[in-house]
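S.K.: Respectively, the protein sequence lines represent chains D and Z. Note that this note's numbering numbers the first sequence so that position 157 is 157, with each residue one more than the last. Note that this note's numbering numbers the second sequence so that position 58 is 1058, with each residue one more than the last.
Check before you lean on any hint, since a few could be wrong.
Simulated crosslink set (DSS-like; lysine-lysine; CA at most 25 Å straight-line) [to be verified]: (1) Z:1198 to Z:1230; (2) D:2 to Z:1022; (3) D:161 to D:90; (4) Z:1224 to Z:1198; (5) D:14 to D:2; (6) Z:1198 to D:2.
So these bits of chain D aren't anywhere near chain Z, every CB distance computed over 10 Å [as the list claims (entries may be wrong)]: (7) 20; (8) 37; (9) 64; (10) 78; (11) 88; (12) 116; (13) 135.
Hints listed in this document are in silico derivations from the structure and should not be mistaken for laboratory results. We put the CB at the ideal spot given by N, CA and C, even for glycine.
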Amino acid sequence: MKEQVIAFELNGEKVETYTDPALSLLHLLRSRFNLLGTKEGCGRGECGACTVLVDGRAVNSCLVPAGKVRGRKVYTIEGVTAEGLLRGAKVHPLQEAFVESGAVQCGFCTPGMVMSTYALLNDNPSPSPEEVREAISGNLCRCSGYKQIEEAVLEAAQRLKAQDWQDRNSGKT
Amino acid sequence: MSYTVVSNLDQAVEALAKSEGKARVVAGATDLFLGNLPPELVDISTVPDLLGINRDPDYLSVGAGVTHARAAASPEIRLKAEALAEACREVGSPQVRNMGTLGGNVVNAAPAADAAVALVALGAKAVLVDLNGVYREAAVEDLYANYNLSVVDSSSEILLRFLLGPTVRGEGSAFLRFAPRGALSLPLVNAAARVRLKGNTIEAVRAVIAPVSPAPTRLSETEKLLLGSKPAQDTWRRVEYTAAAEVDVRGSMLRCSAEYRHHLIGVLARRMIRKALERALESKEGGDGR
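Working from the sequences, and respecting the hints, build out all of it.
M.R.: The structure is reproduced here in structure tokens:
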């Protein structure tokens, strides 16, 4: 294994790490940066628990080699939470809506669900229920609470519009 | 392992040449961790030459590095290569479509890769370049050596783009798949067709089905049945019967029994050809310049 220096932007901050480029972004985030919000489910791109944004697009971090994120913008669930904190709230309105809609049961799929729908709302602030379902079609919830998740995202869309929420450091390009 | 992200084609060729056969080209990398890791990787996903979607009078050129998400959303592809847009919408999940590329879909050589099936139905040609700078073109269906094995040697050749004749007035294409679930699901059968009408007569047809062999496979008997015919009520039962009878399929634990696959092939063949024909008719009647 040949380690390389990999510099990228993580949740709005420039970071640099010396690592095996064949390490997955998921393990890089969890083991090097101690960002444990991103979950490992299947580890093979089939469950979406590890979803993060790379340059504003939802991807399975378990499938992304660390070498690929050099020079790119990576955004995780911790970045979403920080947006809420910066606004004086406890969490982001999307996370708030998940909690209030009962969209969190065991919680393991939740960070991935939030990231997929966060990407959706950045691109499309007024999604239809079908568009929400499409956006979470790569995220499995084994508690099977999809309906509440859909409701949470639609509710969050309303709130974000009402609050004129700006995504200031969302990693969107 | 070394991982080099190159920013242009010269760098890619140079990196491959320097590694003397040890390095492999990678783009979306969505299947990278599912197999054995090669010792060196050359990431070509940001090479500008591979990212274009361009139209000239004769061809629609789609870069091999175009992601499924981009292809599915491209107005040019949706209008001129509808089957490809439909296929790209069905690949994996949104996360996979955001990373996975059309070139990878073909060179990875999975026997039921959605985009590859549509590309073959559309008659797409692949443009490749080797380390000596020699270009070649090949039909997409000729790029398969065996199951999950491409003719393209990704240590010494780079797939650059696909060229496809855009559908013209009187032409239509369609893609369909049947899978146990609506997303994140391997297809039991996928199918794509392209047809051209002259009056009410089928003047050209390409009907493709997978997975029945290493490459997306043309239904040549079904095509013969349709070519020169005017589709009528009794056509569809014959299409279903002919398509199901002309391919040899096995049952598999991964997908389904051979009997069920035969049934699905007949049904999907009928549906995709009807859908392509409907679109061909619409394009004749519509004034949208197709």
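S.K.: All hints are to be evaluated individually against the structure, with a verdict given for each.
M.R.: Going through the hints against the structure:
no.	hint	in the structure
1	Z:1198 to Z:1230	holds (10 Å)
2	D:2 to Z:1022	holds (15 Å)
3	D:161 to D:90	holds (19 Å)
4	Z:1224 to Z:1198	holds (16 Å)
5	D:14 to D:2	holds (23 Å)
6	Z:1198 to D:2	violated (61 Å)
7	20	violated (7 Å)
8	37	holds (17 Å)
9	64	violated (7 Å)
10	78	holds (19 Å)
11	88	holds (32 Å)
12	116	violated (7 Å)
13	135	violated (6 Å)
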